[in-house]
Amino acid sequence: DTGVSQDPRHKITKRGQNVTFRCDPISEHNRLYWYRQTLGQGPEFLTYFQNEAQLEKSRLLSDRFSAERPKGSFSTLEIQRTEQGDSAMYLCASSLEGNGYTFGSGTRLTVV
Amino acid sequence: DAKTTQPTSMDCAEGRAANLPCNHSTISGNEYVYWYRQIHSQGPQYIIHGLKNNETNEMASLIITEDRKSSTLILPHATLRDTAVYYCIVRVVAGANNLFFGTGTRLTVIP
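Chains as they are written, first to last, in the working numbering: chain A, 402 to 513; chain B, 18 to 128.
No wet-lab data here; the hints were simulated from the structure. The beta carbon of each residue, even a glycine, is placed where N, CA and C say it ideally should be. Please note that a few of the clues may not be correct.
Examples of chain A residues lying across from chain B (beta carbon under 10 Å, computed) [unchecked claim]:
hint: 1; residue: T403
hint: 2; residue: Q407
hint: 3; residue: P409
hint: 4; residue: Y434
hint: 5; residue: Y436
hint: 6; residue: Q442
hint: 7; residue: E445
hint: 8; residue: F446
hint: 9; residue: L447
hint: 10; residue: Y449
hint: 11; residue: R460
hint: 12; residue: F475
hint: 13; residue: A489
hint: 14; residue: C493
hint: 15; residue: V512
Computed list of chain A residues with no C-beta within reach of chain B, every gap over 12 Å [as the list claims (entries may be wrong)]:
hint: 16; residue: R410
hint: 17; residue: H411
hint: 18; residue: K412
hint: 19; residue: T414
hint: 20; residue: Q418
hint: 21; residue: N419
hint: 22; residue: T421
hint: 23; residue: E457
hint: 24; residue: D464
hint: 25; residue: R465
hint: 26; residue: P471
hint: 27; residue: G473
hint: 28; residue: E479
hint: 29; residue: Q485
Facing chain A, from chain B, some residues (calculated, C-beta under 7 Å) [what the hints assert, rightly or not]:
hint: 30; residue: N47
hint: 31; residue: Q59
hint: 32; residue: G60
hint: 33; residue: P61
hint: 34; residue: G119
If we strip away everything but chain B, and leave its shape as in the complex, we get (with noise of 0.2 Å):
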């Protein structure tokens, strides 16, 4: 699976948008961008996946370029439960066997 890159830590106002970006510049045709959270002392929690479109659900948006070599993942309106670790991954869906989560992006978000 293709490797990505992720600022260590970001801020964000409660009831702003919080954008987290990532790099995945090696990523292959074949391999999904994957979004995780992980707060604190619980296993990580699955956010959102896409392929090439901009996908949306409950949870955020995830914005990827045309290009693929990059990502955004949104979160329209800030909470403080969103205080978590984000994680970014890329694999081919149902293929590989493990996640390689990185050490991903400590988001807090601020009262």
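In isolation and in its complexed conformation, chain A is listed as follows (with noise of 0.2 Å):
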């Protein structure tokens, strides 16, 4: 196992266009994160699964995220009718109960 992988790394997309970002976290992991990141500043949460349960939202996760983990397995965030300001670095995360927080090189997003 080679950690966690996020696909694609770069995303270029137009104002107004959808977006699907794909998490392959750890095999033997149970939760997933997804933290969303702005330049100059730290990663900050969306969301977070334990096995295919989306247990907790933050308030950032606007109307137009959507996250899933099918088969507590892999997970996808989909940004619809992106904006401008949802440019960023999104950032996907897995753990053992809690333990061995561990992170993917995350999907750079801009919306032109």
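From these two lone chains plus the hints, build me the complex, please.
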């Protein structure tokens, strides 16, 4: 297992388009997290899954954002009708019961 | 989780020890101090964590004051590859579902 994988690494999209990112966690990790990071700021929590259940959402996660984790393995984060303010690095992390928190390298989204 | 205060930036000469301070005056008895770092364009990387005793691993040492209101991360021999943003986080192990990063300390190692 090579760690947490995120795809794509970079995404450029036009305003108003929908985008979807994928995260593959460490295989034995039951918890999966999504964070967003804008320039000069630390990562900010978006949402969290325990197995396939989405247990917590931040107020940052507007109605245009949706995350899924079918079968409790990989996860997807979709942003509908993208806006320029959505431009950021989207980070995924996984852990086993909250221990061994490991991050992926992130997906950098640019909305033009 | 308790909040932390860190200097915005620090410089360190290559080969010297880098000492990164963190204040966490509202830390609770069951909260650990965690350190992560983020090298440009990568995800945060775990460095070390501790409760009240000093800790050391292959990457760094963590010194926690007796009252646990502050701590120092020590990189004993800084290299250029240690240039990164360092985040000090306090949390309950396996309790909190997310990490609060703050803005961290940008460490620049100078040749």
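Against the structure, the hints come out as follows:
The interface hint given for T403(A) is broken, as the beta carbon of that residue sits about 13 Å from the closest beta carbon of chain B, more than 10 Å. Among the interface hints, the one on Q407(A) holds; its C-beta lies about 8 Å from the nearest C-beta in chain B, closer than the 10 Å criterion. With 10 Å as the threshold, the beta carbon of P409(A) stays out of range of chain B, its nearest partner Cβ sitting at about 14 Å, so the hint is violated. Of the supplied interface hints, the one on Y434(A) holds, with its beta-carbon coming within about 6 Å of a beta-carbon of chain B, less than 10 Å.
Nearest Cβ of chain B to the Cβ of Y436(A): about 8 Å, under the 10 Å cut. The hint holds. Because the closest C-beta pair between Q442(A) and chain B is about 6 Å apart, less than 10 Å, the hint holds. Interface hint status for E445(A): upheld, as the beta-carbon distance to the closest one in chain B is roughly 7 Å, under 10 Å. For F446(A), the interface hint holds, the least distance from its beta-carbon to any beta-carbon of chain B being 4 Å, beneath 10 Å.
Annotation: interface hint on L447(A) holds; nearest CB of chain B at approximately 9 Å, less than 10 Å. With its C-beta approaching chain B no nearer than about 5 Å, Y449(A) sits inside the 10 Å limit, and its interface hint holds. For R460(A), the interface hint is violated, the least distance from its beta-carbon to any beta-carbon of chain B being 13 Å, above 10 Å. Here the hint on F475(A) is broken, as its CB sits about 17 Å from the closest CB of chain B, past 10 Å.
Interface hint status for A489(A): violated, as the beta-carbon distance to the closest one in chain B is roughly 13 Å, over 10 Å. A cut of 10 Å between beta carbons decides the hint on C493(A): the least distance to chain B is about 8 Å, and the hint holds. Taking 10 Å as the C-beta contact cut-off toward chain B, the hint placing V512(A) at the interface is violated, the least distance being around 18 Å. With a cut of 12 Å on Cβ distances, R410(A) falls inside the contact zone with chain B, its closest approach being about 9 Å.
Interface exclusion of H411(A) from chain B breaks down, the closest Cβ pair being 10 Å apart, not more than 12 Å. Taking the minimum C-beta to C-beta distance to chain B, about 14 Å, the non-interface status of K412(A) holds against the 12 Å cut. A cut-off of 12 Å between C-beta atoms confirms that T414(A) is not in contact with chain B; the least separation is 19 Å. Its beta-carbon lying about 24 Å from the closest one in chain B, Q418(A) satisfies the requirement of being farther than 12 Å from that chain.
For N419(A), the shortest C-beta to C-beta distance to chain B comes to about 24 Å, beyond the 12 Å cut-off, and the non-interface label holds. Under the 12 Å C-beta cut-off, the non-interface status given to T421(A) relative to chain B holds; the minimum distance is some 19 Å. With 12 Å as the threshold on Cβ separation, the claim that E457(A) sits away from chain B is violated: the shortest Cβ distance comes to roughly 5 Å. Distance check for D464(A) against chain B: the nearest CB is about 20 Å away, which clears 12 Å, and the non-interface claim stands.
The Cβ of R465(A) lies farther than 12 Å from every Cβ of chain B, with a closest approach of about 21 Å, so its non-interface assignment holds. Taking the minimum C-beta to C-beta distance to chain B, about 20 Å, the non-interface status of P471(A) holds against the 12 Å cut. The Cβ of G473(A) lies farther than 12 Å from every Cβ of chain B, with a closest approach of about 16 Å, so its non-interface assignment holds. The beta carbon of E479(A) sits about 20 Å from the closest Cβ of chain B, which is more than 12 Å, so the claim that it is off the interface holds.
Separation of Q485(A) from chain B is adequate, the least Cβ-Cβ distance of about 21 Å exceeding the 12 Å criterion. Because the beta carbon of N47(B) sits about 13 Å from the nearest beta carbon in chain A, more than 7 Å, this interface hint is broken. A distance limit of 7 Å between C-beta atoms decides the matter here; for Q59(B) the minimum to chain A is near 5 Å, and the interface restraint holds. Taken as an interface hint, G60(B) checks out: its beta carbon lies about 3 Å from the nearest beta carbon of chain A, inside 7 Å.
At a threshold of 7 Å, the smallest CB-CB gap from P61(B) to chain A is about 5 Å, leaving the interface hint in force. About 5 Å separates the beta-carbon of G119(B) from the nearest beta-carbon of chain A, less than 7 Å, and the hint is met.
Of the numbered hints stated above, those contradicted by the structure are hints 1, 3, 11, 12, 13, 15, 16, 17, 23 and 30, listed in ascending order.
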